[in-house]
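J.: If you read the protein sequences in the order shown, they are chains G and V. Numbering that gives the first Met the number 0 puts the first residue of the first sequence at 0, with every later residue one more than the last. Numbering that gives the first Met the number 0 puts the first residue of the second sequence at 0, with every later residue one more than the last.
A couple of the hints might just be wrong.
Cross-link-like lysine-lysine pairs, in silico, PhoX-like; alpha carbons within 20 Å at most [claimed, not checked]:
1. G/Lys42 x G/Lys69
2. G/Lys134 x G/Lys1
3. G/Lys88 x V/Lys158
4. G/Lys184 x G/Lys134
5. V/Lys26 x G/Lys88
6. G/Lys148 x G/Lys190
7. V/Lys158 x G/Lys221
8. V/Lys58 x G/Lys9
9. G/Lys25 x G/Lys134
10. G/Lys180 x G/Lys134
11. G/Lys190 x G/Lys180
12. G/Lys214 x G/Lys148
Hints in this document: simulated from the structure, not taken from any laboratory.
For reference, the chains in residue letters:
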Amino acid sequence: MKYYAVSIPKFGENQSEDSYCIHAEKNCFVVADGAGGVGIFAKEWADTLTRAISSVEQANPEYIKALKIKFYNEREQFLDLNLDYFADKFFQEGSASTLVLADFGVDLWEMEYHFYAQGQSILSEHNQQFLYPLKLWAYGDSGIFVYQKATNNIETNLGIQHFVNAPYLINCIEPELNVAKIYTKALYVSKGDIVILASDAIALYLRLIMAFEQKDEEMLQKIIHQGSAFSERVWLMKNMQNLPTFYQAIQSFLQNMTSDEQFSSYCQFLQTQNLIDYDDYTLLVIII
Amino acid sequence: MQCYIGTETITVDSIRPDGSVRQTQKKIYQWVRPCASQLTPMNAAFLLAHDLLVQWIDKYPQSYPPTVIHITDGAATDSTEKQLLQSSQKLRSLATEDGETILFNIHITNSTENPIYFPCKKEDLTHGDQYTHLMFDLSSDLPPIYNTGIAQFTQKDIKGSYTALVVNAPMSQLISLLNIGTNTNQPDKNL
């Protein structure tokens, strides 16, 4: 398994409010997009979530609530000692972030060995390759995509609602998550498949590419009728001569993940084409 | 240089993630002393808002567009209806890359009838006073992104667009109205 990750701030700014963490020992990949428009400490909260949550099992409302309380209490103590204008913004609005996880759970090579040893291999129907279990978890509009090469199938958490509504956010002052809005999925992947985690600007671009590739006219029409910036983007993409396929779009990103500068230059190119929003950009690509 | 005219300390409640209530003492600054007297220079207010927003948009061209909240009895004393329409149009046409300025009129009348929220057409203005129709003409058409929030608030779904006007809304409702489309953490629960 190979993985590539890059995270850059908005053009002209020094710090991204996105965060990612690769829990290599657990084969768990996490991306969080701190919401700068809500409260303060967005970056710190996103970092807290990506570092503290290293499996889908940990991404449960009780554990996240415990993280919220700890994070809140630490900030409350700090702000009580350093009371200023921003303190009130924290106590009233909190700190908020999205969160997405791709959790392979076990070491893939060990698992392959184990299956051989136990004689209980799980083989793909398509190419007789090993199938590796993968669990996905998402809250908000950061995206996870699983591209299954053999079938050209793409699995994702993102749907029409992510183009229409403000995203759900994990806010440290809100006691409960809206569990109905947690996306979870368990599936198998095999060699050559690609798993992508991205913050919203890139994720929503990839989701539109996916909708075009799958000729999802219902979704595209709904976005057009919404009359938003996304509507203009759909029109723009409809009229593009060489709109990439999902796989080609991923390959283009991969080719430009050689350095922060190269990635920034590519994102800037997409942004000037009005294909992605002006935002922090985080992309994590895992090739099985 | 002290620009404010005074300060006041208030207690603000907020909820901690464990459900307990935190009370914070907050010093607030008083910048103007509200009073009700003299005339209603509405046209001058539109022109002043226009000049301020030209500077602001120049500085933040990629921002979400400004929302101008105009609370009025509607009886302008410095201009004709035609001049007001021109000034409001000039104000509403100011745009960032994300869209045009929204002029949101909150019209207060002596009517005791029920409030009118976000009318779609003039026929929806079933009461009010002689200025209510003018207020409708001065108000922005709201972008579709507001539709869901308004439909939930008014329990009335429409095809077309809502107008950024409310007539005789009570103060408690005004706060909810101003949250529509601006609160980033309360998405539509239907989707």
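J.: Compare the structure with each hint and give your call.
T.: Here's how the hints hold up against the structure:
A C-alpha spacing of about 16 Å is found between G/Lys42 and G/Lys69, which places the hinted pair at or below 20 Å, so the restraint holds. Among the hinted pairs, G/Lys134 with G/Lys1 is consistent with the structure: their alpha-carbon atoms are about 18 Å apart, no more than 20 Å. Proposed proximity of G/Lys88 and V/Lys158 is contradicted: the alpha carbons are some 37 Å apart, above 20 Å. Restraint check for G/Lys184 and G/Lys134: the C-alpha separation of about 6 Å stays at or below 20 Å, so the hint holds.
Restraint check for V/Lys26 and G/Lys88: satisfied, since their Cα atoms lie roughly 13 Å apart, inside the 20 Å limit. Among the hinted pairs, G/Lys148 with G/Lys190 is consistent with the structure: their alpha-carbon atoms are about 9 Å apart, no more than 20 Å. Of the pairs offered as hints, the one joining V/Lys158 and G/Lys221 holds, with about 14 Å between alpha carbons and a cut-off of 20 Å not exceeded. About 17 Å separates the Cα atoms of V/Lys58 and G/Lys9, which keeps this hinted pair within 20 Å; it holds.
For a cut-off of 20 Å, the pair hint linking G/Lys25 to G/Lys134 stands: about 12 Å separates their Cα positions. In summary, the hint linking G/Lys180 to G/Lys134 is supported, as the alpha carbons are separated by about 16 Å, within the 20 Å threshold. Simply put, G/Lys190 and G/Lys180 have alpha-carbon atoms about 31 Å apart, too far for the 20 Å limit, and the pair is violated. For the suggested pair G/Lys214 and G/Lys148, the alpha carbons sit about 18 Å apart, so the restraint of at most 20 Å is met.
Taken one by one, the earlier hints fail for this structure at numbers 3, 11, listed in ascending order.
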